[in-house]
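Engineer: Residues per chain are reported as follows:
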Amino acid sequence: MKKVLIANRGEIARRIVSTCRHMGIATVAVYSDVDSGAAHVMESDEAYPLGGALARDSYLRVDRLMEAAARSGADAVHPGYGFLSENAEFAEAVTATGLTWIGPSPATIRTMGDKQRARETAMAAGVPVVPGSRRFEPDDLDGLEQAAAEVGFPLLVKAAAGGGGIGMQRIDQERKLRDVVTAVQSAAVKSFGNGAVYLERLIPRARHVEVQVFGLGNGTALHMGERDCSVQRRFQKVIEETPAPGLPEGVRQKMISAALSLSSASRYAGAGTVEFIVDASSFDFYFLEMNTRIQVEHPVTEMVTGIDLVRLQLELASGIPLSQHQKNIVARGASIECRLYAEKPAKMFMPSPGPLNRFRMPQASAHLRIDSGYREGDTISPYYDPMVAKIIVRGANREEARSRMIAALESVEVDGISTNRDFLIACISTEAFAKGDIYTGFVDDHKPQLLPRTVLAT
Amino acid sequence: MGTVDINSEMTGSVWKIVVETGQRLAQDDTIMIMESMKMEIPVLAPEDGIVTEIAVAEGDPVTEGMLVARMSREA
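Residue numbers (our numbering), protein chains in the order written: chain A, 10 to 467; chain B, 52 to 126.
In silico DMTMM-like pairs for lysine to aspartate or glutamate, Cα to Cα no more than 20 Å straight-line:
1) LYS356(A) <-> ASP424(A)
2) LYS199(A) <-> ASP79(B)
3) LYS336(A) <-> ASP317(A)
4) LYS89(B) <-> ASP42(A)
5) LYS356(A) <-> ASP80(B)
What follows is a list of derived Cβ distance ranges for each label pair:
6) ASN58(B) <-> ILE415(A): 30 to 38 Å
7) SER291(A) <-> ALA106(B): 51 to 59 Å
8) GLU146(A) <-> ASP111(B): 35 to 43 Å
9) ASP111(B) <-> PRO140(A): 43 to 51 Å
Treat the hints as calculated values from the structure; they're not laboratory data. By construction, the Cβ of each residue, glycine as well, lies at the ideal position given by its N, Cα and C atoms.
Bound-form chain A, shown alone:
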């Protein structure tokens, strides 16, 4: 592998460039019209334009990416995260032209990308899944009560075609079952053109814990421990950390075993993340999904293990022996990552794109890592995700990491856009966070402490 095309932008493109450079691999950047002067373009060895600012006109254009790969003579493609990273057709297009796809096989991407098939694969590998029912079409409610009793109350009615919280209703008792199911079905017809719904057990106080795996493609896999990503807003992660605070060691080991058996069963190749929902009181855990790519929050794992996950991806893809073995992978200390977003937390986390007139981040050190796609003077455009930077700290223990994170955030200076900096400081400073009492409802439940008192206009 001599030259890698990075089919992405922003901080992850820069991060991949950095590892390629250390390994003596040349890099090819791609960019949309608004990104022509972006840091990832400047830092790569060559760069090719893709088209308009909208992702569908640029970073999602398989044809133009393949053209750039051909013109540059790249022999491999790294998709990063987001965009086409979990698109089986793109992975196929790359391999069909004889290039190396840095990621799992298209078949694996396809299986894990289909919720139902991923669930079946997990069940077959002996991994627990959230209790759920079959699909109910609008004219077919046969056995609904029985299915609900099997799933157990409280439960969620979910639109089969939905996502991100749309078309979801909670039911606490059986007498409301038929009415709510019918209502969700008709809403689903209107929103998605598909009225099918299913029932799923609701875990009232849930944590989101995931296991980083690295499959060797031969039925064996390494793991690099877990990450807790429970602190979320709008179903998006805001703060991630490792180890997961308060997770009993026995539970942790079971989750790791489950993640490894799923990876082995699918002969997984490359970096992957097995996500679980964990009941915060009983610590029962259930498979949620498997992400077949590098994750945004991978740096917390790198901070405690000293592993470069992108390097492992490149090594595996180019067929050279891996520089890591399970017995040498040891996590030391604790690490926390905060996502600095361009948004207004007090206005329901509304996006706040604009110019970075001032952008000063704390100095990186052995304990502090900053991953950002931007420099002072750049513009955060409304076309892509709102992440301005990732701030990652490490400490000998969680408390040390937590105080280092507060200090790091306090020295962040951004002007020109609104950010969630103060919101992050408030989250990390709560007594609940300090105690490790985190769950997916954390932000909602602590709102008065996390958001400044503001008078909302009209």
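Mind docking chain B on chain A? Use the hints.
Structural biologist: Showing chain B alone in chain A's frame:
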């Protein structure tokens, strides 16, 4: 009868317009859905009224504070 200007609260683009001129709305009904930074954010009717003007088209870029629609208060 008064006119109510509805301005965009953020920079982004118009993803979907869900009402038509002349349509009667109740407070908090969705007028249009904006898209910015991979998020879809609805623009809601600030009060009851009738849509008198849609000032943007789907796909148009909008900036913070820009007029996107007008409503009239019912007599």
